[in-house]
Amino acid sequence: TIQVANCTTFAAAKSLVDSGLGNPLCLNFASAKRPGGGFLSGAQAQEESLARASGLYASLTQQMAFYISNRACRTALYTNHMIYSPSVPVFRNDDDELLAAPYTVSIVTAPAVNAGAVRKNQRRQVAKIGPCMAERIR
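Sequential numbering of the sequence shown, starting at 1, is according to our numbering.
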């Protein structure tokens, strides 16, 4: 069954946990260059929300080779590398309140191509955007 829900990543995961499906897998729409994206500076996007509400940031900072290889990449296509973080504790809700009973999820951290940067600064790479993303999600 496929469902589309208008909710946050962890709200959807919590719904699955509450229905008896333990340890759902979540996708982190990640920064290719910084663990947690702009989480430490207060940015407000999906990855930052995940980092604030869970133990994800601690997992990501243990995988610096991922960020080093993407920083070294000469294009904003980045690499196809991903990080798998198993059994990450989620301890805050969507209102940033501490949960009485934390739960766990597993998270795949995967950056998309920075298509805007490629189109603006690396025009010779534009034709690679679609195939690169297709390979990444395969």
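Misleading hints may appear alongside valid ones.
[Claimed, not checked] Only pairs whose alpha carbons sit at most 30 angstroms apart, straight line, appear in this in silico DSBU-like list of lysine-lysine:
1) 33 with 14
2) 128 with 14
3) 33 with 128
[Stated by the list, open to error] Have a look at the derived ranges for each label pair, beta carbon to beta carbon:
4) 137 with 91: 26 to 36 angstroms
5) 2 with 46: 39 to 49 angstroms
6) 117 with 20: 16 to 26 angstroms
In short, the hints are calculated from the structure, not lab data.
Don't be surprised by glycine CBs; every beta carbon is placed ideally from N, CA and C.
Going through the hints against the structure:
1. 33 with 14: holds, 28 angstroms
2. 128 with 14: violated, 36 angstroms
3. 33 with 128: holds, 20 angstroms
4. 137 with 91: 26 to 36 angstroms: Roughly 29 angstroms apart at Cβ, these two residues keep to the hinted range, so it holds.
5. 2 with 46: 39 to 49 angstroms: At roughly 20 angstroms between Cβ atoms, residue 46 and residue 2 fall outside 39 to 49 angstroms, so the hint is violated.
6. 117 with 20: 16 to 26 angstroms: This hint is violated: roughly 42 angstroms between Cβ atoms.
Of the numbered hints given earlier, the model fails hints 2, 5 and 6; all others are met.
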